[in-house]
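Peer 1: Sequence:
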Amino acid sequence: MSRLLRFVILIQLLGLATSTTSQTDALGHERWEYALEDTGDILQIAIPLSAGIMTLLKEDYQGTKQFGISYGTAILTTHGLKYLIRKQRPEGRDRYDAFPSGHTASAFAGASFIQKRYGWKYGWIAYILASVVGVSRMEGPDGYHDFWDVLAGASVGVGSTYLFTSPYEKDNFDIGFASGNDMYLLTVVYKF
0 MSRLLRFVIL
10 IQLLGLATST
20 TSQTDALGHE
30 RWEYALEDTG
40 DILQIAIPLS
50 AGIMTLLKED
60 YQGTKQFGIS
70 YGTAILTTHG
80 LKYLIRKQRP
90 EGRDRYDAFP
100 SGHTASAFAG
110 ASFIQKRYGW
120 KYGWIAYILA
130 SVVGVSRMEG
140 PDGYHDFWDV
150 LAGASVGVGS
160 TYLFTSPYEK
170 DNFDIGFASG
180 NDMYLLTVVY
190 KF
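With numbering that gives the first Met the number 0 applied, the sequence shown corresponds to residues 0 to 191, in that order.
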């Protein structure tokens, strides 16, 4: 899975590197702003997709089930809150679906699942990429969300994961042995 995450990061960095010239469009927006926005659009799907693929590569079908439930909860909660709260978008469009940020909820649901299920070895990269998604929603040419929208989206994503996800334990069976002072100890542990 780390190869997939490295590939996603490489593609994103290449996209940013080719788009970060100081050229501007007709409205005066710099090209890097569009690159950041596009990066956020891609990562909001790539991070949870990576989490789901990770469960399949590890043949962790319990994790697949937990991810489905936690991710589904995050998305349903996000869209339910958007419908109930009806906060106008900060860029001034006549859309009342700013709170919470769906992109951020999706990205942080995937990132927090990776971290909670498989540890910080993979989780730290996922959280950095999810943070890029949050920044991309506040910055860029349109600025679709403010800080509170993004914070709420991240909270929904992380919260749903922590409700429904447990750490991955590959082995349920462990044997230990210790000796000293003419004593021998054999331990057998079975987790169920």
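Hints are computed from structural coordinates only; laboratory data are not their basis.
Any given hint could turn out to be false.
Said to hold, decoys possible - The calculated label-pair distances, taken between Cβ atoms and stated as ranges, are:
hint : residue 1 : residue 2 : range
1    : 44        : 119       : 20 to 30 Å
2    : 174       : 85        : 51 to 61 Å
3    : 55        : 183       : 36 to 46 Å
4    : 51        : 181       : 47 to 57 Å
5    : 94        : 166       : 20 to 30 Å
6    : 84        : 161       : 57 to 67 Å
7    : 162       : 57        : 16 to 26 Å
8    : 165       : 187       : 18 to 28 Å
9    : 84        : 56        : 30 to 40 Å
Note that beta-carbon positions come from the ideal geometry of N, C-alpha and C, so glycine has one too.
Peer 1: Each hint: holds or not?
Peer 2: Consistency of the hints with the structure:
1. 44 / 119: 20 to 30 Å: Hint holds: Cβ distance 23 Å, inside 20 to 30 Å.
2. 174 / 85: 51 to 61 Å: 58 Å, holds
3. 55 / 183: 36 to 46 Å: The hint (36 to 46 Å, Cβ to Cβ) holds, given that residue 55 and residue 183 are roughly 43 Å apart.
4. 51 / 181: 47 to 57 Å: 53 Å, holds
5. 94 / 166: 20 to 30 Å: 39 Å, violated
6. 84 / 161: 57 to 67 Å: Given a distance of about 22 Å, which is not inside 57 to 67 Å, the answer is violated.
7. 162 / 57: 16 to 26 Å: With Cβ atoms ~22 Å apart, the hint holds.
8. 165 / 187: 18 to 28 Å: 23 Å, holds
9. 84 / 56: 30 to 40 Å: Given range 30 to 40 Å: holds, Cβ gap about 38 Å.
Of the numbered hints stated above, those contradicted by the structure are hints 5, 6, listed in ascending order.
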